[in-house]
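A.B. asks: Starting from the known structure of chain A, arrange chain B on it as the hints suggest.
Residue strings, one per chain:
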Amino acid sequence: DVKVTQSSRYLVKRTGEKVFLECVQDMDHENMFWYRQDPGLGLRLIYFSYDVKMKEKGDIPEGYSVSREKKERFSLILESASTNQTSMYLCASSLYRENTEAFFGQGTRLTVV
Amino acid sequence: DQQVKQNSPSLSVQEGRISILNCDYTNSMFDYFLWYKKYPAEGPTFLISISSIKDKNEDGRFTVFLNKSAKHLSLHIVPSQPGDSAVYFCAASARTSYDKVIFGPGTSLSVIP
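Going down the list, the sequences are from chains A and B. In this text, residue positions in the first sequence follow the numbering used here: the first is 1, and each later residue adds one. In this text, residue positions in the second sequence follow the numbering used here: the first is 1001, and each later residue adds one.
Just chain A, same shape as in the assembly (with noise of 0.2 Å):
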């Protein structure tokens, strides 16, 4: 079974921190995803990455920034939290880069205060 992990299932910041959400998959996929899930908005894409050290910026990148080392773990990081960050942030790796079948986090909780 593939598994994507994802380290904190609940965080909470203050305003103006920097904050890092880490992802881990261990199937050895190619593609890294980072999502957030707001009511009634969907799952937009943050930024991905199909290999390491590669990445390019989704739908809503602005105040994110990511980082992946090693092909296994994809990190998102909030440069300086805002309350507007306040949602479910989702990782998802994907085989193929046509992410025909994502395979996802359980997710992270992030409220900034």
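Since the hints were derived computationally from the structure, they do not count as laboratory data. Glycine included, every Cβ here is placed at the ideal spot set by N, Cα and C. Each hint can be trusted.
35 Å max Cα-Cα, derived DSBU-like pairs, lysine-lysine: (1) 18/A <-> 1100/B; (2) 57/A <-> 1005/B; (3) 55/A <-> 1054/B; (4) 1100/B <-> 71/A; (5) 3/A <-> 1056/B; (6) 1071/B <-> 57/A; (7) 1005/B <-> 55/A; (8) 1005/B <-> 18/A; (9) 1071/B <-> 1005/B; (10) 1056/B <-> 1005/B; (11) 1068/B <-> 57/A; (12) 13/A <-> 1100/B; (13) 71/A <-> 57/A; (14) 57/A <-> 1056/B; (15) 1054/B <-> 57/A; (16) 53/A <-> 1100/B; (17) 70/A <-> 1100/B; (18) 1005/B <-> 13/A; (19) 55/A <-> 1068/B.
Only some residues are given here: those of chain B computed to face chain A with a beta carbon under 7 Å: (20) 1042; (21) 1043; (22) 1044; (23) 1046; (24) 1100; (25) 1103; (26) 1104; (27) 1105; (28) 1106.
Among the chain A residues that face chain B by a calculated CB cut under 7 Å, a handful are: (29) 40; (30) 41; (31) 42; (32) 43; (33) 45; (34) 90; (35) 101; (36) 105; (37) 106; (38) 107.
C.D. replies: Quick look at chain B alone, frame taken from chain A:
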């Protein structure tokens, strides 16, 4: 402006009956469609997909129908079971940008025993 729409935020169905979840899209470049299911406190899991070269794909109790001319797809669950109660996300991608899978806002299905 949402490219993938799920106009019913919620749906209730009796156990044993058919559940029909609908999805509309606006981008005519979309040629691959996916459905994901999400339980509370878990990440979404892939359910079924369909390519634009088909108009129907079936997997056990789940069937997805695609009407390209109407830019509409639907997920049928027959028979519905209480364990099917979850949020269902419709998603779409285009051959030119498979990395960007666009998700709808989701429909919450409740199957009543």
